[in-house]
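Produce the complete structure using the sequences and hints provided.
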Amino acid sequence: MITDAAPRLSPPQQVWRLLAGAAIGALLWVVSGIQLAQQYSAGPDTWFYTGDPLVGLACLAALMWRRRFPLTVALATTLASVVSTAAAAAALLALCSLATRRRPSEIAVVLLVSATASQAHVEFRMAGTLNGPLWLQILLAVLVAGIAAAVGVAIGARRTELHSLQHRAESAEREQLARAEQARARERNRIAREMHDVLAHRISLVAMQAGVLDHRADLSADDRRAMVRGIADGAHRALEELRDVLGVLRADPGRPEQPQPTVENVPDLVADARASGLDVTWTTTVRGTPPQTIGRACYRVVQEGLTNAATHAPGAAVQISAGGAEGDELRISVGNSPATGVRARKPESPKPESGFGLLGLAERITLLGGQLDHRHNADGGYLLAARLPWPRPDDETRS
1 MITDAAPRLS
11 PPQQVWRLLA
21 GAAIGALLWV
31 VSGIQLAQQY
41 SAGPDTWFYT
51 GDPLVGLACL
61 AALMWRRRFP
71 LTVALATTLA
81 SVVSTAAAAA
91 ALLALCSLAT
101 RRRPSEIAVV
111 LLVSATASQA
121 HVEFRMAGTL
131 NGPLWLQILL
141 AVLVAGIAAA
151 VGVAIGARRT
161 ELHSLQHRAE
171 SAEREQLARA
181 EQARARERNR
191 IAREMHDVLA
201 HRISLVAMQA
211 GVLDHRADLS
221 ADDRRAMVRG
231 IADGAHRALE
241 ELRDVLGVLR
251 ADPGRPEQPQ
261 PTVENVPDLV
271 ADARASGLDV
281 TWTTTVRGTP
291 PQTIGRACYR
301 VVQEGLTNAA
311 THAPGAAVQI
321 SAGGAEGDEL
331 RISVGNSPAT
341 GVRARKPESP
351 KPESGFGLLG
361 LAERITLLGG
371 QLDHRHNADG
381 GYLLAARLPW
391 PRPDDETRS
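Take 1 as the starting number for the sequence shown in my numbering and just add one per residue.
Hints listed in this document are in silico derivations from the structure and should not be mistaken for laboratory results.
Computed from a predicted structure; not experimentally measured.
The reader is advised that the hints may include incorrect statements.
[Claimed, not checked] Each pair of labels, with its calculated beta carbon distance range: (1) V144 - P104: 18 to 24 Å; (2) T289 - A232: 16 to 22 Å; (3) P267 - L383: 18 to 24 Å; (4) Q176 - L139: 51 to 57 Å; (5) T289 - A317: 25 to 31 Å; (6) A37 - V144: 22 to 28 Å; (7) A37 - A120: 54 to 60 Å.
Where a beta carbon is used, it is the ideal one built from N, C-alpha and C, also for glycine.
Pasting the structure below:
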């Protein structure tokens, strides 16, 4: 993998690198001066004492731009090493920095120029003070430059690996946060569905009974007391159901959950609705006992239908029917006639529509692979129907 990515250096990091280059350059300059003094009685020329260190300092200053212009700085410092011994260290650091990019063509060009510049420096500045055959001098120059390039390649590889690991860690963290957010959203939706399913039905019945008390002046004292007791009982049961829901949310993992209603509890739901004043008819042709999840969804459909009828169609007759068998599907429908109560005479009274209850019910049915239908009838009534798959146990095992 080839990359240009490089972390930004802090001022202390930049300073110690330049100081290391200056120290190495100064050491090379001193060693070269000693060799020239041993070779010639007059010692090094004036350029060695003035121009050579100045060029070396200029090359060190150029290293500050080695990451922005790596190839240019590497070539410039390498060429400068022809006339300056002190610039050799800066040239090696520039080559090492260039090699971190791991571009073979650039590294090869600078290595070739470095080997040529090194031999030119020996011939023209050191005046042949180095003993040994030509091939050995070239091999030594290539070896030194190759070591610098290899170190740079290793640094670049490690930098890329760290960048990749950091990217993976950040991606994993983002994915973890996304999964946690999705889990929270699903849990919020589940809680919203349960809160609506548990409380909306009970509170709508209480509201309906309170509306009857408000608009029926012809009720006897016994009827009024019965209505008041029904309202109090409904409010008390709504409070208990709310506590059950909150208890599930606050329960520890080891605590068993409260039993959930199924299709077998629909007659109790119908009885409560009748006691609250709704005209409800319940018929069933269900053969067998459906799975708990399907039976619970059936119960919620009936609950939502009765809630909508009590809220939007007071006085209407409600027909509930269920049918189906194992290996086929479970069908449930709740239909109500047009409203005939006091609220039905108000033109501004809202009609049944897809609110949060129907939205949550549709999500529940869809998760089970079923279909939900809700619409107005031709006579002005309303129909809520659902079809749920009821597979055989052996079919579920094979799938």
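query = Failing hints, ascending?
reply = Structure breaks hints 2, 7.
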